[in-house]
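The listed protein sequences derive, respectively, from chains A and B.
Last residue of the first sequence? That's 288 in my numbering, and every number before it is there in order.
Last residue of the second sequence? That's 285 in my numbering, and every number before it is there in order.
In case anyone wonders, no lab produced these hints; they're calculated from the structure.
Incorrect hints may have been included.
Pairs of lysine to aspartate or glutamate residues, derived as EDC-like cross-links and limited to a Cα-Cα distance of at most 16 Å, are as follows [claimed, not checked]:
1. B:K2 <-> A:E183
2. B:K228 <-> B:D280
3. B:K2 <-> A:D149
Every beta carbon over 12 Å from chain A, so not counted as near; a handful from chain B, in silico [stated by the list, open to error]:
4. F44
5. G46
6. A170
7. P178
8. Q191
Coverage of chain A stretches by chain B, computed from C-beta distances (three or more under 8 Å per stretch; other residues unrestricted) [said to hold, decoys possible]:
9. 142-152
10. 199-205
11. 254-263
Bear in mind the structure is a predicted one, so any value in this text is a computation, not a measurement.
For glycine and all other residues, C-beta sits at the position ideal for the given N, C-alpha and C.
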Amino acid sequence: MAVRPLPKNQSLSASSQRSLFIGLAYAILLVWFTLAIAPFVWTFLTSIKRPVDAFAIPPVWNFTPTLMAYQQLWLQEGFYRYLINSAIISIGTVTISISIGCLAGYALSRYRGVSGFWILFAAFVFRALPRMAFLLPFFYIAQLTRTHDTHLLVILALVAINQPFTIWMLRSFFAEIPESLEESAMIDGCNRFQAFWYVIVPIMAPGIVTASIFSLLLAYNEFLIPLVLTATQATPMPVAISQFGAEDIRYWSISAAGAISISLPIVLIILFLQRYLIRGLTAGAVKG
Amino acid sequence: MKPREFWPFVLPSVVVMSALMVFPLVFTIYLSFHNYTLGEPPRFVGWMNYARTLADERFWNSLGFTLTYMSFVIPLQILIGFGLALLLNEIVRFKRLLISGYLLPFIVTPVVGTLAVGWLFRDRGFYTYLLSQLGVNVQWYSDPIAAKALIILYGVWSTVPFALMMVYAALQAMPSEPIEAAIVDGATWLQRVRYVVVPYLRPIFFFVAMIGIMDSFRLFDTVAVMTKGGPGAATETVMYYTYGISFTELLLGRGSSIVVLGVLIILLLLSPLLYRTYKDILGGR
Numbered sequence: 001m002a003v004r005p006l007p008k009n010q011s012l013s014a015s016s017q018r019s020l021f022i023g024l025a026y027a028i029l030l031v032w033f034t035l036a037i038a039p040f041v042w043t044f045l046t047s048i049k050r051p052v053d054a055f056a057i058p059p060v061w062n063f064t065p066t067l068m069a070y071q072q073l074w075l076q077e078g079f080y081r082y083l084i085n086s087a088i089i090s091i092g093t094v095t096i097s098i099s100i101g102c103l104a105g106y107a108l109s110r111y112r113g114v115s116g117f118w119i120l121f122a123a124f125v126f127r128a129l130p131r132m133a134f135l136l137p138f139f140y141i142a143q144l145t146r147t148h149d150t151h152l153l154v155i156l157a158l159v160a161i162n163q164p165f166t167i168w169m170l171r172s173f174f175a176e177i178p179e180s181l182e183e184s185a186m187i188d189g190c191n192r193f194q195a196f197w198y199v200i201v202p203i204m205a206p207g208i209v210t211a212s213i214f215s216l217l218l219a220y221n222e223f224l225i226p227l228v229l230t231a232t233q234a235t236p237m238p239v240a241i242s243q244f245g246a247e248d249i250r251y252w253s254i255s256a257a258g259a260i261s262i263s264l265p266i267v268l269i270i271l272f273l274q275r276y277l278i279r280g281l282t283a284g285a286v287k288g
Numbered sequence: 001m002k003p004r005e006f007w008p009f010v011l012p013s014v015v016v017m018s019a020l021m022v023f024p025l026v027f028t029i030y031l032s033f034h035n036y037t038l039g040e041p042p043r044f045v046g047w048m049n050y051a052r053t054l055a056d057e058r059f060w061n062s063l064g065f066t067l068t069y070m071s072f073v074i075p076l077q078i079l080i081g082f083g084l085a086l087l088l089n090e091i092v093r094f095k096r097l098l099i100s101g102y103l104l105p106f107i108v109t110p111v112v113g114t115l116a117v118g119w120l121f122r123d124r125g126f127y128t129y130l131l132s133q134l135g136v137n138v139q140w141y142s143d144p145i146a147a148k149a150l151i152i153l154y155g156v157w158s159t160v161p162f163a164l165m166m167v168y169a170a171l172q173a174m175p176s177e178p179i180e181a182a183i184v185d186g187a188t189w190l191q192r193v194r195y196v197v198v199p200y201l202r203p204i205f206f207f208v209a210m211i212g213i214m215d216s217f218r219l220f221d222t223v224a225v226m227t228k229g230g231p232g233a234a235t236e237t238v239m240y241y242t243y244g245i246s247f248t249e250l251l252l253g254r255g256s257s258i259v260v261l262g263v264l265i266i267l268l269l270l271s272p273l274l275y276r277t278y279k280d281i282l283g284g285r
């Protein structure tokens with residue numbers, strides 16, 4: 001009792017100041033939260049309205065929800081074809097870029113030679129360049145070899161764009177694993193690849209999941225590359241929906257249904273794989 | 001690790017990057033000195049494509065808008081992201097939910113985000129309606145200044161989460177001793193932020209700004225979906241202009257010359273980051 005730090009009234013005012021501050025913090029955080037999700041909430045509402053309600057001014061709140069737009073999108077417009085294209089392109093890109101990226105990222109985290117330095121630095125410069133720096137020759141060669149509008153061409157372009165980022169991220173994760181692990185495996189008779197495959201890769205699983213998510217998002221969200229390299233056969237969802245006509249209000253409901261459909265897998269990733277996302281986001285910077 | 005072990009591991013990746021990045025980049029430089037129309041062999045024209053590009057008002061206009069976009073979006077992104085991260089670091093409950101919402105604009109498909117925000121600002125959109133109720137009547141798509149502002153607003157909205165998460169992660173990793181020392185010295189909250197937190201975060205701000213420059217220079221999706229460069233050429237970015245010349249007008253040679261100039265500009269803008277990275281890898285080895 002004798003060592004009470006502050007007089008009673010003063011501590012009360014400090015704590016009420018603190019709760020005022022916290023209340024204000026929540027209010028501001030909530031405002032930005034609302035701004036962040038409002039466009040998606042509104043798009044969702046549009047997607048379950050009839051077209052005539054979708055562009056009513058003032059907005060209609062009291063409407064009967066309908067799944068007409070989704071039906072029209074998936075059945076009449078055949079949106080599933082674009083989903084299949086998106087799936088092929090995304091899975092192909094992730095598989096190739098992560099498998100070659102893991103090998104390179106591991107070696108780059110362990111090798112001290114000068115060529116390792118130059119590979120990393122060159123990759124960093126490529127990472128900084130816009131997609132357009134590589135895209136024109138892809139288009140040119142696609143025309144010559146008649147590979148325009150194929151999944152393989154889009155996958156190759158995406159693997160290339162992905163590779164610098166992927167090896168940098170994976171290298172930073174591999175660098176966290178102590179070298180003594182594979183060294184003891186190698187003393188026990190493993191060769192370098194066996195040590196990598198049986199000892200390091202299993203420990204790296206969370207890091208590989210993180211890198212895969214980023215690779216997947218990049219491929220799934222990409223617009224410019226498939227816009228240039230596809231026409232009708234290999235078109236993924238983002239390109240397809242951009243051609244539905246955002247300006248023409250008669251198509252608002254259908255476009256909105258498409259927008260919501262494309263976002264669903266991403267919302268699932270945010271909800272269930274959030275810690276991997278945050279780990280990947282901050283991987284590059286915190287360590288400089 | 002010995003070189004004998006190193007090369008088999010990096011070879012697939014190096015082959016992919018050489019064939020699909022180094023070669024295309026060199027080929028772009030080659031194309032920039034040629035005239036090329038589909039179905040005919042390229043014809044050497046010297047510096048003509050560069051002369052045409054540099055004489056084109058649309059090129060300078062697109063560069064101007066790209067730089068304007070950068071100079072608004074990057075400071076606003078850092079300022080808002082920093083403020084929100086500070087507040088997020090103070091609270092305890094509902095963090096996961098808030099972060100989920102904040103991440104959405106950043107990782108959702110840009111085309112989808114652009115459509116969603118774009119609809120709200122159409123003439124019959126919800127935000128346009130709300131603003132008109134407040135007596136503010138803006139035609140976001142037909143007024144050149146408003147269209148530029150719209151693209152910039154979208155840029156801020158979609159990039160704040162990145163700055164927010166970077167700063168928040170750094171705050172979580174920040175050692176508590178300097179803050180405690182400042183409290184003992186009687187520093188107010190604002191003083192602690194100004195003299196302890198901000199200096200600690202300086203490298204993060206630098207990194208976010210550099211990534212911001214990279215991403216701003218790439219700006220294409222938003223413009224292509226929202227305004228198509230219009231009204232007139234008010235919202236054309238360098239990438240959108242390159243796209244128009246290369247794939248709408250099918251002048252691949254001219255397009256390549258813009259790409260080469262663009263690469264030089266972005267490398268110049270990013271030279272502080274490239275230099276720092278060069279030294280970091282050298283030091284970290």
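Hint-by-hint comparison with the structure:
1. As the CA atoms of K2 of chain B and E183 of chain A are separated by approximately 13 Å, the hinted pair is consistent with the 16 Å bound.
2. With a CA separation close to 40 Å, the supplied pair K228 of chain B and D280 of chain B exceeds the 16 Å bound.
3. At most 16 Å may separate the alpha-carbon atoms for a hinted pair to count; K2 of chain B and D149 of chain A exceed this at roughly 43 Å.
4. Non-interface call for F44 of chain B relative to chain A: holds, since the shortest CB-CB distance, roughly 16 Å, exceeds 12 Å.
5. Listed as a non-interface residue, G46 of chain B keeps its Cβ farther than 12 Å from every Cβ of chain A; the least gap is roughly 19 Å.
6. The beta carbon of A170 of chain B is not kept farther than 12 Å from every beta carbon of chain A, the shortest such distance being approximately 6 Å.
7. Its beta-carbon lying about 17 Å from the closest one in chain A, P178 of chain B satisfies the requirement of being farther than 12 Å from that chain.
8. Every C-beta of chain A lies more than 12 Å from that of Q191 of chain B, the closest at about 15 Å, which supports listing it as non-interface.
9. Three residues within the 8 Å Cβ limit are the bar, and the region 142-152 of chain A against chain B gives 1, so the coverage statement is violated.
10. Only when three residues or more bring their CB closer than 8 Å to a CB of chain B does the claim for the region 199-205 of chain A stand; here the count is 0, and the claim is violated.
11. Residue count for the region 254-263 of chain A with a Cβ under 8 Å from a Cβ of chain B: 5. That meets the three needed, and the coverage hint holds.
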